[in-house]
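K.L.:
Given the coordinates of chain A, work out where chain B should sit on it, guided by the hints.
Number of protein chains: 2
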Amino acid sequence: MALLQPILDLVDLLYKKGLRDVVISPGSRSAPLTLAVARHPGLRTRVVPDERSAGFTALGMAQMTGLPVALICTSGSAVYNLSPALAEAYFQEVPLLLLTADRPPEWLYQQDGQTIAQAGIFGTHVKRSYDLPADYTHADARWFIERTGNEAVNLCAATPSGPVHINIPLREPFYPKADESFVYGAGRMVEALPVDRQLPTPVWHSLLDEWDATERKLIAVGQMPYSPELIRLLTQISQELQVPVIGEIISNLGRNELFISTSDTLLAQKDTALLKQLRPDLLITLGNSFLTRNLKTYLRTYPPTRHWHIRPTTERLIDPFRSMTTQIPMEPLPFLQKLLNDVDYQRFKQGDDDSDEESSYLTTWQTADSAARRRVETHLRDAPFTDWSATQRVLESLPDGSHLHLGNSMPVRYANMCGLDARQEVHVWANRGTSGIDGCMSTAVGAALRTETIVTLLIGDVSFFYDRNALWQPDLPNNLRIVLLNNAGGHIFRIIDGSSSQPELETYFETPHDLTAERTAADHHCDYMAVSDKNGLTEALGHFFIPSDRPQILEIKTNKFVNEADFKVYKTAQLNL
Amino acid sequence: MALLQPILDLVDLLYKKGLRDVVISPGSRSAPLTLAVARHPGLRTRVVPDERSAGFTALGMAQMTGLPVALICTSGSAVYNLSPALAEAYFQEVPLLLLTADRPPEWLYQQDGQTIAQAGIFGTHVKRSYDLPADYTHADARWFIERTGNEAVNLCAATPSGPVHINIPLREPFYPKADESFVYGAGRMVEALPVDRQLPTPVWHSLLDEWDATERKLIAVGQMPYSPELIRLLTQISQELQVPVIGEIISNLGRNELFISTSDTLLAQKDTALLKQLRPDLLITLGNSFLTRNLKTYLRTYPPTRHWHIRPTTERLIDPFRSMTTQIPMEPLPFLQKLLNDVDYQRFKQGDDDSDEESSYLTTWQTADSAARRRVETHLRDAPFTDWSATQRVLESLPDGSHLHLGNSMPVRYANMCGLDARQEVHVWANRGTSGIDGCMSTAVGAALRTETIVTLLIGDVSFFYDRNALWQPDLPNNLRIVLLNNAGGHIFRIIDGSSSQPELETYFETPHDLTAERTAADHHCDYMAVSDKNGLTEALGHFFIPSDRPQILEIKTNKFVNEADFKVYKTAQLNL
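In order, the protein sequence lines correspond to chains A and B.
Once you know that position 298 of the first sequence is 298 in the UniProt record's numbering, the rest is easy, because the numbers rise by one and skip nothing.
Once you know that position 343 of the second sequence is 343 in the UniProt record's numbering, the rest is easy, because the numbers rise by one and skip nothing.
In isolation and in its complexed conformation, chain A is listed as follows (with noise of 0.2 Å):
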């Protein structure tokens, strides 16, 4: 196993460098990456046998803990199989270590068993791709991969963080005698040093006389983590500087009085009078990717004079709502706390309070959000029993502090219309990267294994039979609530104009099914239960939350066309707010 130190020395500097989760599926070639893993005495580890989900499970467990997570699986079309959940990091900025075993190269191409073209394989969809030589006798190959170990590692969780990529071709043997013993701790470290990244002084001067240049301000905040100490400083900045700040449920402000939750109700009316008063001349944007269709819409038919995108890099240039004009490279906080704290400065170093343009502006935003807002509740309250009325229901019956994860496709647009009452302080995740329902499953179960608090996946029916593997591995946790809303298709399609009216809207679009989740409930041993209308989906919140020593799915059984009714009332509404 001496060959092997090199492999010994590279798992132990993920350690080192703070890595501590490492998923596993298993396999032969990859057998040195699992023992070295395993027999590490401070690596954590999780063994998942479908790589798409392992994938997946890994995503959820990084995002929670926030460090780099480490994903083991064998060679050949494994390696494919993980390409969904890099996809997703890759966007989502997840930071997700990839070690796939592999053959040396001299093996490619002839025929033989699990051995694709692996080098370079998730093209620009990981931050970096590294190729390991296969032999390790030479001192210059030990550099190489000594080095290469502790930069992917730092890449990997550098800002904007993201998944790197390790190739490692493995010769056999693959496993050790049983004499042999593992030594950690022979490999070196290299430190990268954090850096604050600040603006120039006469570049802030530039940006606070745009600040006092413009009148209507806006914020929007896309997908964030979060942050208790965002939400302080954006309802500082709204209340002091007058400025409307919208959310949406991804966004993690929550909804309260203060900021803009129903945009997406908000901006689908027609009363161009108002949509114009709306309008920003200076749009700042962070976090993200944006969830509503309505709002992207909104602001590209009605742009910002300036717009500044607030993203710690400018490699690439992101601008949906095509008006950026200034890429600030900072992290949000220190930004926006400088931003404040300087506005305030001037402003009492110049004796001046708000303006009444100021001020009435975002009263407008407010006034307008609360009428949307009410429309929104209005329409739940006289609403069938729908996935949109049981969404609220179990939005308003989640614990406190505790995490949602939103599926994608109908959920989290059903969960966005309803928002979260700031004060639930819940966590909201969803793989809003590539926005796939590939993996929603896979994701809960990863971030529940690491929290001692409810997580709680609310899921389309589609996209849990699409991920059942999630729950096909050993040990789930029991703090995992699964809400599936079962409208016995992908009702999606019946929501869209386009696809609703087509003749082939049923079989190649909706695909319905007869599935319920009561026999892979139990076959994964999860307590199940089913609801079919409003008294027995009360009844079964009632209890739903409470710690339970097994995983708990709760099966929310729908009509179509009573949501499909229902939804059309709500988009004529919302017209005509």
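FYI, nobody ran anything at the bench for these hints, they're computed from the structure.
Check each hint, because a few of them may be wrong.
Where chains are identical, the list cannot tell them apart; a pair therefore holds if satisfied intra-copy or between any two copies.
What the hints assert, rightly or not - Only pairs whose alpha carbons sit at most 27 Å apart, straight line, appear in this in silico BS3-like list of lysine-lysine: (1) Lys296 - Lys270; (2) Lys557 - Lys571; (3) Lys177 - Lys296; (4) Lys127 - Lys16; (5) Lys16 - Lys338; (6) Lys270 - Lys177; (7) Lys16 - Lys270; (8) Lys127 - Lys276; (9) Lys571 - Lys560; (10) Lys534 - Lys557; (11) Lys338 - Lys557; (12) Lys177 - Lys560; (13) Lys177 - Lys571; (14) Lys568 - Lys177; (15) Lys568 - Lys296.
P.N.:
Only chain B this time, still in chain A's reference frame:
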């Protein structure tokens, strides 16, 4: 919809070029493709929600029909979910045409949903990748699309066939209006004429000289689809020219008195005198990958002097035995036919007959093979109820002329050690391109959709649950028979020497579980029966293959410790054959 006429023409072109089957995974971005196919009068469609399973379903259909099968999926991580099947198709040389919907390129890296870098995403695992323009107004763009469609389908089917990727950016609107009708037939088709590949006469003469100059000739056949012509020809060559012919179960030659079918057992023995006698002077190989590690090791240890590999392309040098001297870029059938004719004619002219050396070489192989075969038969006759002995019972019971799909890991190996009687004329398939466990069941489903005969899948439990979404598609074919060898974990790791002795065996390699297929069968409307002893199996097999109106799943429950102990007995016996 007029702007999408090039999409209609592209789809119609597939039909004109002989493609008939399209596997569709639902999506909105891909709706123009889906509708163009669904409304085409000649194309058959199949809707599979999980793209990973859709890819393998298409693979099984293409294997069965011998024609390219198209796949349609929406943008984003859906595309990556096709990649495991794609890699398998590439290495197995199965023609798949991937039509992936994409957002127009200006949307990439703009935090838009379901947007990843799709152009060229499959790297070297497709024969070629095309990225169509997003706008069709310019005549050059329409020419590009028309030309690309022709090139792509031709390339997909050309020898060696394989996957080709067309990435198709699509702008809204995706859906036609109610009064729009689709017009097919306007596009231009470019024919690509077939050619016969023949060796120049002087080259033939030099090959025949080599043939004459060598005494001990051996033919070894890798994975091949079932071909009565090839069996007939190899039978003739073996009998008339006294050449031993080695086939594995995936070579589809069947087991008879003539062919060497027990090479895995035969070549494991330690009798070096015999092994030396078996060494060929001239080795002729054809087909794709070889399964038997013992065969590879043997030929590397006892290499031939000359080695001809018959494969209709020289693009890659595929040399797993490390002995190739000559690449013969022809189809095996015409080459072998001409070889037989020319050698026969030469002998007739010269009045030669078989040399003693030649006939004794054949006899040596056949005698050794018979001995190995008897050893296997004796072992299985005395064996307890194991995966292996159950496999033999299943193989013996297969309906004549039916199709057998072998799952990877142990099932394909057990089946190879048993062999299949040639008189059964069973067609054997296995995903030996990448040898993954990720899509064996989906492939069998795809195959069963394209034949009326019984398709039996023999699969292990980890592969079964990995790919259980294979069963999540409407109207599973009733001719599908799934035989599940359930030993409650990844049993191969208990069989492999290295992993079986590690203290981490259970947790990190075998990963035991208590799942059975019963609930999965019920969810997907399959008939289910379980057996756990010989009598139960005999009884079940008595009616398992009778035509039925639902797919059938037969779960064979075995004990992993019994399997392990029995296999150890065999391994010892094999060494001392």
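K.L.:
Next step is simple, just say for each hint if it's right about the structure.
P.N.:
Status of each hint after checking the structure:
1. For the identical chains of this complex, lysine 296 and lysine 270 are intra-copy neighbours only, at 16 Å inside a copy versus 73 Å across copies, given an alpha-carbon limit of 27 Å.
2. Only within a single protomer do lysine 557 and lysine 571 lie at most 27 Å apart by alpha-carbon distance; the minimum there is 23 Å, versus 54 Å between protomers.
3. Taking CA atoms no more than 27 Å apart as the test, lysine 177 paired with lysine 296 passes between copies only; the shortest distance there is 25 Å, against 61 Å inside one copy.
4. Taking the shortest Cα distances, lysine 127 and lysine 16 sit within 27 Å of each other inside one copy (21 Å), while across copies they are farther apart (43 Å).
5. With identical chains, the CA atoms of lysine 16 and lysine 338 are never at most 27 Å apart, being 34 Å at best within one copy and 66 Å at best between copies.
6. In the homo-oligomer, the alpha carbons of lysine 270 and lysine 177 lie at most 27 Å apart only across protomers (24 Å), although the nearest pairing inside one protomer, at 74 Å, exceeds that limit.
7. For a Cα distance limit of 27 Å, the shortest separation of lysine 16 from lysine 270 qualifies neither inside one copy, at 57 Å, nor across copies, at 48 Å.
8. Taking identical chains as interchangeable, the C-alpha atoms of lysine 127 and lysine 276 are never at most 27 Å apart, the minima being 41 Å within one chain and 53 Å between chains.
9. When the C-alpha separation of lysine 571 and lysine 560 is checked against a cutoff of 27 Å, the pair qualifies only within one copy, where the shortest distance is 16 Å, while the shortest distance between copies is 59 Å.
10. For a Cα distance limit of 27 Å, the shortest separation of lysine 534 from lysine 557 inside one copy, 11 Å, qualifies, whereas the shortest one across copies, 44 Å, does not.
11. Proximity of lysine 338 to lysine 557 under the C-alpha cut-off of 27 Å is found in neither arrangement, the shortest distances being 50 Å within a copy and 67 Å between copies.
12. In the homo-oligomer, the alpha carbons of lysine 177 and lysine 560 lie at most 27 Å apart only across protomers (23 Å), although the nearest pairing inside one protomer, at 60 Å, exceeds that limit.
13. Only between protomers do lysine 177 and lysine 571 lie at most 27 Å apart by alpha-carbon distance; the minimum there is 20 Å, versus 68 Å within a single protomer.
14. In the homo-oligomer, the alpha carbons of lysine 568 and lysine 177 lie at most 27 Å apart only across protomers (19 Å), although the nearest pairing inside one protomer, at 67 Å, exceeds that limit.
15. Taking CA atoms no more than 27 Å apart as the test, lysine 568 paired with lysine 296 passes inside one copy only; the shortest distance there is 22 Å, against 66 Å between copies.
Taken one by one, the earlier hints fail for this structure at numbers 5, 7, 8 and 11, listed in ascending order.
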